[in-house]
Amino acid sequence: MSTQVHATIDESTVRQISDELDEPDWLLETRLDALAALDDLPMPSVIQTPGRKWTNLEDLDYESLVDPLNAAETKDQVGPDEVDVLSWSEALAEHEELLEERFGSIVDPQENYLTALSTALFSTGTVVYVPEGVDAEDVKIRTEMNSRSLFNYTLVVAEESSSVTILERQSTGEHVEGERYYSGIVEIDAAENAQVQYGSLQNLSEETYNFTLKRGDAGTYSKINWIEGNIGSRLTKTEVSTELNGDSSESQIVGAFFGHNDQHFDLDVKVWHRGEHTTADLVTRGVIDDVARTVYEGVQDVGRDAWDTSSYQRENTLMLSDESEADASPKLIINNHDTEASHSATVGQVDAEELLYMTSRGIDEQQATDMLVEGFFVPVLEEVAVDELREDLKANVKQRLRD
Amino acid sequence: MSSDQDHLKETNTEDRFAFKNEHKAAVTAEKGLNEETIRLMSEDKDEPDWMLERRLRALEVFQEMPMPTDWPAMPDLSEVDINKIVPYIRPDVELREGTDDWENLPDEIKDTFDKLGIPEAEKEALSGVGAQYESEVVYQNMKEQWEEKGVIFMNMDRAVQEHPEIVKEYFMTSCVPPSDNKFAALHGAVWSGGSFVYVPEDVQVEMPVQAYFRMNSEGMGQFEHTLIVAEPGSEVHYIEGCSAPKYSHFNLHSGGVEVFVKEDAHVQYSTVQNWSRSTYNLNTKRAIVEKNGTMEWISGSMGSKATMLYPSSILKGRGATDNHITIAFAGEGQDIDTGAKVYHNAPNTKSTIESKSIAKDGGRTNYRGLVQIADGAENSSTAVECDALMFDNESTSDTMPYMEIEESKVNVAHEATVGKIGDEDIFYLQSRGLDDDDAKQMIVSGFIEPITEELPIEYAVELNRLIELEMEGSLG
Chain A
1 MSTQVHATID
11 ESTVRQISDE
21 LDEPDWLLET
31 RLDALAALDD
41 LPMPSVIQTP
51 GRKWTNLEDL
61 DYESLVDPLN
71 AAETKDQVGP
81 DEVDVLSWSE
91 ALAEHEELLE
101 ERFGSIVDPQ
111 ENYLTALSTA
121 LFSTGTVVYV
131 PEGVDAEDVK
141 IRTEMNSRSL
151 FNYTLVVAEE
161 SSSVTILERQ
171 STGEHVEGER
181 YYSGIVEIDA
191 AENAQVQYGS
201 LQNLSEETYN
211 FTLKRGDAGT
221 YSKINWIEGN
231 IGSRLTKTEV
241 STELNGDSSE
251 SQIVGAFFGH
261 NDQHFDLDVK
271 VWHRGEHTTA
281 DLVTRGVIDD
291 VARTVYEGVQ
301 DVGRDAWDTS
311 SYQRENTLML
321 SDESEADASP
331 KLIINNHDTE
341 ASHSATVGQV
351 DAEELLYMTS
361 RGIDEQQATD
371 MLVEGFFVPV
381 LEEVAVDELR
391 EDLKANVKQR
401 LRD
Chain B
1 MSSDQDHLKE
11 TNTEDRFAFK
21 NEHKAAVTAE
31 KGLNEETIRL
41 MSEDKDEPDW
51 MLERRLRALE
61 VFQEMPMPTD
71 WPAMPDLSEV
81 DINKIVPYIR
91 PDVELREGTD
101 DWENLPDEIK
111 DTFDKLGIPE
121 AEKEALSGVG
131 AQYESEVVYQ
141 NMKEQWEEKG
151 VIFMNMDRAV
161 QEHPEIVKEY
171 FMTSCVPPSD
181 NKFAALHGAV
191 WSGGSFVYVP
201 EDVQVEMPVQ
211 AYFRMNSEGM
221 GQFEHTLIVA
231 EPGSEVHYIE
241 GCSAPKYSHF
251 NLHSGGVEVF
261 VKEDAHVQYS
271 TVQNWSRSTY
281 NLNTKRAIVE
291 KNGTMEWISG
301 SMGSKATMLY
311 PSSILKGRGA
321 TDNHITIAFA
331 GEGQDIDTGA
341 KVYHNAPNTK
351 STIESKSIAK
361 DGGRTNYRGL
371 VQIADGAENS
381 STAVECDALM
391 FDNESTSDTM
401 PYMEIEESKV
411 NVAHEATVGK
421 IGDEDIFYLQ
431 SRGLDDDDAK
441 QMIVSGFIEP
451 ITEELPIEYA
461 VELNRLIELE
471 MEGSLG
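As they're listed, the protein sequences go chains A and B.
So for the first sequence, full-length UniProt numbering puts the first residue at 1; every next one is plus one.
So for the second sequence, full-length UniProt numbering puts the first residue at 1; every next one is plus one.
Simulated from the structure, these hints should not be mistaken for laboratory data.
Here the structure is a predicted model, which means the values were calculated and not measured.
By construction, the Cβ of each residue, glycine as well, lies at the ideal position given by its N, Cα and C atoms.
Hints are supplied without guarantee of correctness; some may be wrong.
[What the hints assert, rightly or not] Straight-line Cα separation of at most 35 Å, DSBU-like style, residue types lysine-lysine; simulated pairs:
no., chain 1, residue 1, chain 2, residue 2
1, B, Lys409, A, Lys53
2, A, Lys53, B, Lys316
3, B, Lys409, A, Lys394
4, B, Lys420, A, Lys270
5, B, Lys350, A, Lys53
6, B, Lys291, A, Lys53
7, A, Lys270, B, Lys84
8, B, Lys84, A, Lys53
9, B, Lys350, A, Lys270
10, B, Lys409, A, Lys398
[To be verified] Derived contacts from chain B toward chain A, CB cut-off under 10 Å, selection only:
no., residue
11, Lys360
12, Tyr367
13, Asp398
14, Lys409
[Claimed, not checked] Covered, in the sense of this in silico footprint (three residues per stretch, anywhere, with C-beta under 8 Å from a C-beta of chain B), are these stretches of chain A:
no., segment
15, 46–60
16, 209–220
17, 315–321
18, 324–337
Build out the structure end to end from the sequences listed, making use of the hints.
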């Protein structure tokens, strides 16, 4: 491992974070174990083709980016009364048993170098607990990052036959300058017949290196839907994934991105079909401009015992500039023949005929292009079931076109 | 019906491929790979110094390069120990240069190819035929009408002697250099036999030329080299077939194919590969396509224990075109990891990739493909379509395409589907009186039809026969 954060990040730092949050021993142990494992863990996997690694996570200077003891944020986390929406320290006080049971049960704290770093150093987070049978529409988590680095952890537990819609936004405060590092891990545990809708809109400053890993475990008849919007950051490495472990479970993952300047988005979308009669639908659409680059990997993995699987994936990229680059690798891994699976990916530019049609109707070329870009997002926006997030995404696209 | 079809009909396909002859050889190299073996080979072939130097340089590259290990879900190559391979066997044939008269061949070699139907195929519709047995080409014939026009079709060893100026220029220099991958380096060190095809400017060879490769000895490696140079405005269709009997010990096939498609030239390269289930097929095939040239790769991969093969085209000139049609069939114990690579390095280039695969009885197929569109390759387009058919729950079918797009004025589309054989289709056919096996066979034949219709009739028939054989009685 070339990166050596722990020159400054040592046991005492971890103990201090844990102590300030008044954490129980088991959590401190988990953090210390993750810290100790750092040396042996690889970076998150990225696509490699002969002679080329598609994203160079090794190149980052984590040591200078990471400053866990000076973490600062403005957080807003609200939800209806019948649901617990708690800060990390409140959650420890109110639901310790639940946390001990579920923390790290879906995303292994030592899955890779960056998850271990997150586990050792996180100091903020949100726990959403939805009791059995409760329907909660409106949970909002807004995080404004006001420090050099911020490590965030989110746990959603949806008990049997409950449902919840969660909207998460990440942004950067106005008065912070220089390069930053944001790291967030999200675990969703959906029990039998539960429905979780988790929408996220990342609009961090373009000097922020962003690492996120969001994964759900879907129980029998349950449904986990993700909406993943990526607008900001200098570099984003993100995975959004669902394990369809319960029979007849479902997942939809809708992604939208818009990269410009020298932004680099490395987006992983994954679904593991493990139970029988499971369904997945993965839809991602994005635009890149200037010298921005996107790397997309989508994996539909159908296990040996996943009978009667339906799995679909679509990815479309619109390139606005010759200097931009769009890389894609949509993968099918099929071990059960009782499967209907397909994927498709396209890359193209603004349609010349459509442009001509519009300019010939008196619309100037720039405006016509902008309209076509907005139109390009319509099919994914239609898939976004949360009105507020859809409007926000639309506004962000418009803003990006004005930039 | 042509005599080929009669022949193929009469001969039991399994017998045609599974027989083996007693091992007879004039020169057999030591197992393993070292400088001494390379020098022995080169001396035995009476090669010029420059070729020996290229071999030794390739050996160095081979020794420096690691085995590929970090590919996602790559076939298991742990059994492939080069120290257990006999890299060179010269069959005990009087005629060192090979022969152009079929009757001159020793009986057991003649029998081998007779059973495979090679001369029959030649009689019909081919411009020329070559046949390689172990490491050397034993038979080669080119029809006069093409020779008169300056078309050269000869075995590669002879081409080194007779056309050194052309071979020196093209042989493992720009198209498949030894540094390309570990097995290309191995190939560069121990290559033997293969075909050399040269088509002069504006000559169109309307009938296909064909080469057949046969590995007979246990534990050997076959490393034939094929070099095709199609000068501007020329056209040629090259077909190769390969087979080897099954042994308990593994065989290694690591061929090298280099195709130069000059301006406005058109080359079609068809392969029906049916290596034995103990053969590792680790091949490197590549074409460089100049302005307005067209390269077509058509391949059927039926045999081998594991195949890793991704024929590639470098579209170097404006308006160059590439078409890939591939079919993979993996049965019990087989891992067929194959696909296509296309590099769009010039404007207005086009490529299409059509891939079909069938997995049954625990076999694995994988489409692994790379499409790269370089910055500046404007108005290029590519369409990739992969369809996989699965028969049972022991089998695996994966699709791993990679697309690197650095140019915005492009049209890139990739589509893949996986599905089981349709119950409804089978029901429909059964209700028309077909039994289950026949119904499935008919569906598979329909599934691969886009491939078979591109092949000359005798190959299409062979491919269908092979598939029938794969399907026979094995379905429940």
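Exercise for review: Starting from the hint list further up, note which numbers the structure goes against and sort them upward.
Suggested key: Of the numbered hints, 7 and 16 do not hold.
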